[in-house]
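Participant: Going line by line, the protein sequences match chains A and B. Residues 4 to 86 in my numbering are what the first sequence lists, from first letter to last. Residues 8 to 190 in my numbering are what the second sequence lists, from first letter to last.
Hints may be right or wrong, so weigh each one.
Below, simulated SDA-like cross-link-like pairs (lysine to any residue); rule was C-alpha separation at most 20 Å, straight line [unchecked claim]:
(1) K9(B) with S81(A)
(2) K152(B) with G54(A)
(3) K152(B) with V49(A)
These aren't lab readings, by the way, just hints derived from the structure by calculation. Here the structure is a predicted model, which means the values were calculated and not measured.
Listed below are the residues making up each chain.
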Amino acid sequence: MGEWGKNEMKHRNTNLDPVDPVSEKPEGRDGMARPAKPEARLGREVQARIGQQLRAIYDDVVNQGVPSHLADLVRRLSEQDQD
Amino acid sequence: MKLDPAIRDQVLGTVPSLRAFAISLCGNIDRADDLVQETLLRALAHIDSFQPGTNMPAWLFTILRNLFRSEYRKRRREVEDADGRHAETLKSHPEQTGRVELEEFRAALSKLPSDQREALILVGASGFSYDDAAAICGCAVGTIKSRVNRARTRLADLLAIDSVDDFGPDRATRAVLAGGGRS
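Next comes chain A alone, as it looks inside the complex (with noise of 0.2 Å):
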């Protein structure tokens, strides 16, 4: 079975750019300007705290690992004779 578990979940990591607390810019790249508002404005703590959050979530399911009959359906697929 070897290496797949490695190769194909390299990217798993957390893509979230840092907030700049203090520079968020009042930024219209999306054409959807809006004025830099205070709430804009993350804490570094609170922004750890959801990254660290939505990672145990998603991880809870992921450690679950290949439920037996999904392994069981892309094994039978497998074996049968591509067109």
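Given chain A, put chain B in place with the hints provided.
Facilitator: Below, chain B without anything else, positioned relative to chain A:
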């Protein structure tokens, strides 16, 4: 010709995160598993359209999302799923983060618009790049970025409110206090 075992293993290796994403879309573990099964059937029937060497997780996530959009979304009853059933799927979460804290987080997450939640999960939990997330969702990279930012801002607001309540009455009491009209 049988399927290349390397490709098969790439598919199998993506199933755990595919399920996690499906649960975040469906809010219900049984429907999520049906959706994953349907995705795998579809993917393996069209495996020829997968270019070896490209991003297998992104390819499978795209198929799953499209299936969800076309078939499952109509049937979804957001109100029902928002607090109760979604939370049920999470009973087995690890203990290292406080259970109550995670439940609050889950509740906050369920209050986000679905496009924002989806973007946040793809980037923040599945670990896709903004480019891949945009490809999966069929939208511009800038759209993903602004959805993620709005999701984070909104979550921070919701969680800040909740943390104030940590020192106050518990959830049930709060519901009674705040509920007024609901009986």
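Participant: A separate judgement is required for each hint: does it hold in the structure or not?
Facilitator: Structure-based check of all given hints:
1. K9(B) with S81(A): Within the cut-off at roughly 6 Å; holds.
2. K152(B) with G54(A): 15 Å, holds
3. K152(B) with V49(A): 18 Å, holds
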